[in-house]
Amino acid sequence: MRRCAIVLFLALAVVGCGPRVAALYQTPPARMGSEIFFLTSVASNADPYEAGREAAEDLKRRVLKPPLAVLVSECFDGEARKAKALRGVCSVFPRQIVFGGATYGSFTHAGVADRDAVTLLAITGQGISVAAALQQNLGTAKLSAEKDQAEIEERLRNAGAGLVAKLPRAFERGLLIIIADAHSPKNGPLVEGIKQALVKPFPITGGSVNKNAGQTFVYYQGRMFQDSALALLLTGDFLVSMVGRQAKEGAEVVATAEAAARKAVEVQKGKPFAVLAFDCAGRKGKLVKVEEELAAIKRGIEETLPLFGCYCAGEIGPADGPDAKPNGPSSGVGWHIMVTVLGR
Amino acid sequence: MTRNAWRRLVVWGLGLAGAAACAGEDALALRAEHFTVPPATGPSIHVVVQNLRDAVWRGRVALRLPDGWRWDPAERAVALAPRATQRVAFTIVKGMNLDANRYAVEVAATGDDGARVVRKQEIVCASAPFFEPRIDGRTGDWDDAVPVTFLHAGKKTVVRTYWNRTHFCLLVEVEEERHVGYRKGAEFDAVQVAIAPREAPAASQPEGKAARDEFLLVGSRSMWSRDRCFLLATPGTALSATQEARELASLEFKAARLVVRRRGGATCYEAAIPLAAMPGIQPTEGREFCFSVLVHDPDGTGLRDWGEAAGLWPRQRNRLAWSQWLGARWGRDAPFDNRIEWGFCSSKH
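For the record, the sequence lines run as chains A and B. The first sequence begins at 21 in my numbering and counts up by one. The second sequence begins at 3 in my numbering and counts up by one.
Just so you know, these hints were derived from the structure itself, not from any lab. Treat the hints with care, as some may be off.
[Said to hold, decoys possible] Stretches of chain A that chain B covers, calculated by requiring three or more beta carbons in the stretch to come under 8 Å of a beta carbon on chain B: (1) 160-167; (2) 218-232; (3) 302-309.
[Said to hold, decoys possible] With a straight-line cut-off of 25 Å between C-alpha atoms, the simulated SDA-like cross-links for lysine to any residue are: (4) B/K96 to A/L163; (5) A/K167 to B/P149; (6) A/K162 to B/N99; (7) B/K96 to A/R177; (8) A/K162 to B/M98; (9) A/K162 to B/W71; (10) A/K167 to B/M98; (11) B/K96 to A/E323; (12) A/K309 to A/E323; (13) A/K309 to B/P203; (14) A/K162 to B/T141; (15) A/K162 to B/W144; (16) B/K186 to B/A268.
Computed from a prediction, not measured in an experiment: that's the story for all the values here. Every residue, glycine too, gets a C-beta built ideally from N, C-alpha and C.
Make a model of the complete structure from these sequences and hints.
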């Protein structure tokens, strides 16, 4: 009896020490016609805490109202340094609103930040609502594609469906952003599961987090999770246009980036107010000068539009192909740049 | 038969043999390059096509990959100027990583005249995942590396590589009966590696400069001496200097960490080479570079050359691609060129 009590105490202690997060994070419903703001900030610093804090301080100075959510993309090496960067961000913003993932770097109008940097996107305004949910224990990290392909696909489909089940049910217009520790090609079945659970077609974008050993973190409410997927649901009276383009060689990487950005702006029926780009880290590796791709994206959009981009290990959006159309159904793929333009 | 008659017969015979060889010679040389990131991620695969004739070659190049894979396009039209070489890209639409890391491929080129050249190869994923191993002689933390295995004279060599922000790391397992450690004035076992940027030019003229970093990894002969890494060449080293059999003592590169251990029937060379010593190499996920390995086993199999196993063409032997050093026993033929595709990847998973 005494032994059981000790075991129970230890189990509760362990559970109590785990990250405590809300099953669903949700802000008040969006007010039609009210303002929406997207703002970005970047800080590079060898000290990860300082990088996180500097980026967050800069953002806080510029946002007029407290953000509904802050999306983090950071590229520090190792769990300890990533934790410090996240702590730096959370020293300025409440943990509850901090989401994101470990990436291979990010880009904004300010440039490419792919070493020891934190990039933030603040989402704010009464015209937009944010809901977020986390699906833990995807359970595929230790499985082999050669031997366990069917099981991997089944688990990820179920995980995708499970993620959607945690989100609020009533939404018509908006954008679903997925940040997952499920790398291309594993992001394929994950997105299939999400789409099946959504039933109706809905714009989905996002990326897979860094898959370097010891770096595969998803951030949910300021906490670090591995083997997990995060869904960030943005709703409101805004319009979404999405274009995905694939390339595996240097010159094509640059050309497809410009084409994707230009087309996403062109097919946006409203007035663009923000651009999101989930880009493949492998594409970056094909460039001698990584800035060339960013320059190409900037040629395709207006300089005044906030741009938040990150380099991922798999991308979610309308896949490229012979029959690809803008705003086509999303899937989880690799070697893509997925550009999303939000407008009203 | 007079002596002149014999001479005429020999000359005639040689001429006939030469003509036959010419007639049988392929118009093209083909080689599928190795994957530089895991194939399940759907990378490009490149086929190198060289026109061996003094006339323009026009035709189609097609690729065949393992069953169940999909790639695009099925074939590509190619036009090659006389003696020209071209790299033709195909996209893997659906591929799979195999634990054995061996992929059977077939490259076929069909000329507009209908002549067909086919090459069957076994290629690998030649890639270094991101990881920071302990260089301690234990090999447990190399399970997440991608093993590249090749056989020479019935003995196995396995090369594994990692990279991180500060080091390029490698584990070379050399199957051999016994290990002969470093001793001045004697022949000994060693692993010689060359690393260069993807676009590095060939070492073609003795009066030229090297474009590679080249290291020699050597185990100690006794427990009272240490394993050593020597720096044989850096970009800019005169190629003529690399062709002199140099004494190694003055070339020691102490910034590298190296542990050489016997494990089972193999000698394991585990090394971490600082990337700061190789500023021409830009380590980032998805980036390609050139890498090759020579295994010196003078008392066993002789020289083992990754270039040969990697499927380079016989004409790609290049003595200038590798440095000479005292203690080496070279084969009759020059080793193969050191510029073989390799990549930095994120993870093999």
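> Where does the structure disagree with the numbered hints, that is, which hint numbers, in rising order?
Replying inline: Violated: hint 11 alone.
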